[in-house]
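Asks: The listed protein sequences derive, respectively, from chains A and B.
When we follow my numbering, the leftmost residue of the first sequence carries the number 1, and every step to the right adds one.
When we follow my numbering, the leftmost residue of the second sequence carries the number 1001, and every step to the right adds one.
In short, the hints are calculated from the structure, not lab data.
Each residue gets a CB set at the ideal place from its N, CA and C atoms; glycine is no exception.
Any given hint could turn out to be false.
[Unchecked claim] Restraint-style ranges between C-beta atoms, simulated for each label pair: (1) A:A121 - B:L1182: 28 to 34 Å; (2) B:L1242 - A:A170: 54 to 60 Å; (3) A:Q6 - B:V1235: 56 to 62 Å.
[Stated by the list, open to error] According to the in silico footprint, chain A covers these stretches of chain B (three or more CB under 8 Å from chain A): (4) 1064-1073; (5) 1198-1207.
[To be verified] Stretch-level coverage of chain A by chain B, calculated; a stretch enters the list once three of its residues show a Cβ under 8 Å from a Cβ in chain B: (6) 70-84; (7) 111-123; (8) 209-222.
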Amino acid sequence: MLRLDQVVTYYGPIMALDGVSLEVRAGEIVCLLGGNASGKSTTMKTILGIVRPRTGTVEFEGERLDGMATGEIVRRGISLVPEARRIFGRMTVWENLVMGSYVRRNDPKDEIDRDMKRVFALFPRLRERQMQYGGTMSGGEQQMLAIGRALMARPRLLLMDEPSMGLSPAFVDQVFDIIQEINRQGTTILVVEQNATVALSIAHRGYVLQNGRIVITHDAAALLKADEVRRAYLGEE
Amino acid sequence: MGDLIAILPQQLVFGLALGTIYGLIALGYTMVYGVLFMINFAHGEIFMIGAYIGWAVLSALLNLSVGMNPIWVLPVMLLPAMVLCGGLGMGLERFAYRPLYARGATRLGPLISAVGASIFLQNAVMLTQGARMKVYMTNLLFPRNWRFEILGVNISVLLIVMVVISALLMWALVVLVQRTTLGRAIRAVSEDREMAAVMGINVGRVVGMTFFLGSALGGAAGVLIGLYYTQIDFVMGYSAGLKAFTAAVLGGIGNIRGAMLGGLLLGVIESLAVTFINPAFKDVVAFAVLILVLIFRPEGILGETLADRKKV
Chain A
1 MLRLDQVVTY YGPIMALDGV SLEVRAGEIV CLLGGNASGK STTMKTILGI
51 VRPRTGTVEF EGERLDGMAT GEIVRRGISL VPEARRIFGR MTVWENLVMG
101 SYVRRNDPKD EIDRDMKRVF ALFPRLRERQ MQYGGTMSGG EQQMLAIGRA
151 LMARPRLLLM DEPSMGLSPA FVDQVFDIIQ EINRQGTTIL VVEQNATVAL
201 SIAHRGYVLQ NGRIVITHDA AALLKADEVR RAYLGEE
Chain B
1001 MGDLIAILPQ QLVFGLALGT IYGLIALGYT MVYGVLFMIN FAHGEIFMIG
1051 AYIGWAVLSA LLNLSVGMNP IWVLPVMLLP AMVLCGGLGM GLERFAYRPL
1101 YARGATRLGP LISAVGASIF LQNAVMLTQG ARMKVYMTNL LFPRNWRFEI
1151 LGVNISVLLI VMVVISALLM WALVVLVQRT TLGRAIRAVS EDREMAAVMG
1201 INVGRVVGMT FFLGSALGGA AGVLIGLYYT QIDFVMGYSA GLKAFTAAVL
1251 GGIGNIRGAM LGGLLLGVIE SLAVTFINPA FKDVVAFAVL ILVLIFRPEG
1301 ILGETLADRK KV
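With the hints as extra help, turn the sequences into a complete structure.
Replies: And the structure:
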């Protein structure tokens, strides 16, 4: 479904991705692990066209994405739940969700209403807070909103950048349950995480990124057991 | 002192009326700042060109002696002024500012380009229209005796029409920004440009539309001021622009309600200065207030709504 081939991305003179190749197949949850500054977020930004790769290709369902404007890429069915949530704090919860459906603004209204109901079914809390400003909600609620907003575009591929960041452990479990639920409903997911244990517990496959290179790729179960991963990302000697 | 108190209500009415116009122009500054973090210093010239377009339409109607119901004359002046000024604002953004900021120039680049555009537009109007002032035939539309008195305050019909039209335009803008898809897109871009793009918004087009809306309001303000003062010239945009910019900063730049409030406040402050100090000190007082606001409340009265976001 999504294929990156030898992607090299620079920020000015600094090389952030050094020939990254990875693949996400339809229906999968794929997890991208890595420490700080390993290139995880840059990979996301490159897929979405926020930064452009210098060389290499990004393909989605057989179509080249590299060089395309972000809006065009999103319209092809890729949504992002960004790092640190980045909801629109000066808009209400309802408006944030409507913004999420911006690419479908010409769709019939009842279809958008139906998706809104689906989001409210996943996150009943958002229904209660519809008219509240996004910026006044707690971190966990904002994370729900960020996920709900991304789902409103009805993506076929959902990119999630550190969904566990800054959340309490109990809430992290809840978020990952919901990620699994979204996947069961038919959305393919590429999730970037530092919290390797939780991420690998729900993923089918994983990649480990180090200094802008993929160093390991394997089934999630195997990665959980791999010595290098345990040492580097699970903090075990 | 008693005399001064006696003329105060009259001066306040003038001040409020002028204040709505300041507010109308200030909206253009504040909206552009909201999405681009730049002050469009050519906005005063857009206002001036609006006044010229209104004048040209009115003169053409008179010359052709079209038998038009006077009620329709004002809309027929406003519409082309707003559409053409809106298009001009969009053009400025596209050709004078975007090439700079799209290439990652500092924020100073577009700003300097705006000052250049301002000088260019002034001179373009001077060279094509002549340096002499143009006269609006206002009294054919709103005869001088169309005025009445309430509680000792003399109010002309023109003044009321001016305030009503300004208020309607502001109301329309607020509805557009709060309730429509375009409005939500404008707010999204001004809050977080990158996330707006991730929502699928064509950021460049939304910035262009923002320029269109702000400039259209500036053009309408030009027509209204032309009717009110009856004399226009190619430098009128300079002081009006500066005043409206002051109003935008006063209310809190980037904040739409702030621009309206700042405009009204500035109009009232000026009328107080005219009444109690000296008409010659009008501008001194207005800019002194600006300096005081910048010292004690730099974010403006209603605050820069987006002060907490990261700067682009």
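Asks: A range of 54 to 60 Å was offered for this pair. Does it hold for the Cβ distance of L1242 (chain B) and A170 (chain A)?
Replies: Since the Cβ atoms of L1242 (chain B) and A170 (chain A) sit about 57 Å apart, the hinted range of 54 to 60 Å holds.
Asks: Do at least three Cβ atoms from the stretch 1198-1207 of chain B come closer than 8 Å to Cβ atoms of chain A?
Replies: holds (count 6)
Asks: Mind taking a look at whether chain A covers the stretch 1064-1073 of chain B? Criterion is 3 or more residues with CB to CB distance under 8 Å.
Replies: violated (count 0)
Asks: Quick check: do three or more residues in the stretch 70-84 of chain A have a beta carbon closer than 8 Å to a beta carbon of chain B?
Replies: Result for this restraint: holds, n = 7.
Asks: Three or more residues of the stretch 111-123 of chain A near chain B by CB distance under 8 Å?
Replies: Coverage by chain B is violated for the stretch 111-123 of chain A (0 residues, Cβ < 8 Å).
Asks: Quick one: are Q6 (chain A) and V1235 (chain B) within 56 to 62 Å, going by C-beta?
Replies: With a Cβ separation near 60 Å, Q6 (chain A) and V1235 (chain B) satisfy 56 to 62 Å, so the hint holds.
Asks: Should the hint that A121 (chain A) and L1182 (chain B) are 28 to 34 Å apart at their CB atoms be regarded as holding?
Replies: holds, 30 Å
Asks: Please count how many residues of the stretch 209-222 of chain A have a CB within 8 Å of a CB from chain B and say whether that reaches 3.
Replies: As far as the stretch 209-222 of chain A goes, the hint is violated, because 0 residues have Cβ atoms under 8 Å from chain B.
Checked against the numbered hints above, the structure violates hints 4, 7, 8; every other hint is satisfied.
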